[in-house]
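Following the hints, complete the assembly by docking chain S onto the known chain Z.
2 protein chains.
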Amino acid sequence: MAHVYDRIALIGLGLIASSMAHAIRKFDLAGSIAGYARSSETRETVREIGFCDEVCETAPEVVRGADLVVLCTPVGVMGDVVDEIGPCLEPGATLSEVGSVKMAVIEAVVPRLPSGVHFVPTHPVAGTEMSGPSSGFAELFEGRWCLFTPLPGTSPEAVERLRSLWRRMGALIDDMDPERHDMVLAVTSHVPHLIAYTMVGVADDLRRVSNAEVVQYSAAGFRDFTRIAASDPTMWRDVFMNNQKATLEILGRFSEELSVLQRAIRGGDGELLHEHFSRTRSIRRGIIEAGQDTGLPDFGRSHGIED
Amino acid sequence: MAHVYDRIALIGLGLIASSMAHAIRKFDLAGSIAGYARSSETRETVREIGFCDEVCETAPEVVRGADLVVLCTPVGVMGDVVDEIGPCLEPGATLSEVGSVKMAVIEAVVPRLPSGVHFVPTHPVAGTEMSGPSSGFAELFEGRWCLFTPLPGTSPEAVERLRSLWRRMGALIDDMDPERHDMVLAVTSHVPHLIAYTMVGVADDLRRVSNAEVVQYSAAGFRDFTRIAASDPTMWRDVFMNNQKATLEILGRFSEELSVLQRAIRGGDGELLHEHFSRTRSIRRGIIEAGQDTGLPDFGRSHGIED
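Chains as they are written, first to last, in numbering that gives the first Met the number 0: chain Z, 0 to 306; chain S, 0 to 306.
FYI, nobody ran anything at the bench for these hints, they're computed from the structure. Among these hints, one or two may not hold up.
One copy or any two copies: either way a pair holds, since identical chains are not told apart in the list.
As the list claims (entries may be wrong) - Each computed SDA-like pair below joins lysine to any residue, with the alpha-carbon atoms no more than 25 Å apart: (1) K244 - E256; (2) K244 - D203; (3) K244 - S254; (4) K244 - D204.
Same shape as in the complex, but just chain Z (with noise of 0.2 Å):
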């Protein structure tokens, strides 16, 4: 098959560009990659892991010639990277970001866009804890959905051209409202990764628990939520702050459902407490009849017992 894009660059080299960049080789789904990333340090490691065919010294040098840029950074610098971009994107060429969040992103890129360009947004929704250049792989997307916001008056041509991209690497793909979207991840993403942090965070100031105790007796339950909690720092904060009217309303939903637990549980209401944990279970099938994980028991070290 041919190429999807003759040249594609990608801006910001974590988990998602540097598993992009791997899974547009093997798919040979691009003529040729280029990156840039802002620290001296990321660049010199993705020269040395050779994921790019070229590596550029800024951001202007890295879309020159590309008729794809993709913004992998975090959600917060994506506006100043487009001012920086903008005189240099190539007369139709596709700008899309892969950022978490889709409303901050769009009201800061789409005022700053340059005519001519074809402005993309997606979300990937994949990941691991790991973050940087080396942690891609070729298969973070495979079955995995990748979201497309589509705007008002956008070639259907280039979100058609990108959307083959997408599946090419594996990926679903599905449509959605740039709010919805922001609503649905603050509930399946964005509010669980604030509440891992939160109860990481307790048991780190707990002086009646020393650290060496919870990390040693780390069952199932804390040990997943210091998982979540592991994620790149900047990258979240960056989530919280750009995603702040969805996630402080599902955070006020949260902190009401768990005041009706604790008073269950101060009040000795078992029956409130078993009617509501066998509710959860349902939601957990469903999820695995969906496909998005494994029905195999998760018991933490070897992570899937073959029979």
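Same frame as chain Z, now just chain S:
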């Protein structure tokens, strides 16, 4: 090596008991295994799987002739079970239990204990989100901690013999004060479970975010929460009813900490968030170094990338 016990009786035949039975057989640690579960359906399943040499119809029956009896029921019924089996326990036998809380269990069991029986409370800190007699496997305890909270005055020989059983099932052994146990486990396990249950409940309630979407786009974060929240409702109800004090203390601290982060989001204090998120990363490193989880990234279905 010689058997550790002649006959081990297991009461309550779920994940822990079935895993113990598989491990006891695998490592040849007892002459025979007898089992009892309150539900006739469970007893029938256990007969089919065959991990007990004998499945009894009553609790008093199963303890006859056993030199080790292990209570593997939800913690809330352990007192009642001891009332039932007390008169039939063999003099010199050891009674143990594997509950997730210790203070309440000790308070319930000790006054009902016939003289001449050694009571040794334990807590194997191991599990999966699965439950029931079909969920057990011999490797569940390998490299996991089994916490002993022995009471003053208990025969050291009886305690050492039980330690030997757990060691030979692959567990690491540590002693802990019962009150401290309940506080450490509130942090590492009980409150994280309650929070996961709460978050999954919030998602379920939200009419604006249909279940289908939540399920379909469940990225890491929510996906881990649903796994935790799929655990056995009866077991967890009993944990919270019986570790009220420590759970409520930790929940209080959690709510305080969450309010701080919530206020930082509302006020746009990215620095506070970044500092907090950076701190939690180091705990994760500690857990990996302590061997309680794999350092491999978790990206859902295929759990563990073999590269």
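- Numbers of the earlier hints that this structure fails to satisfy, in rising order: none
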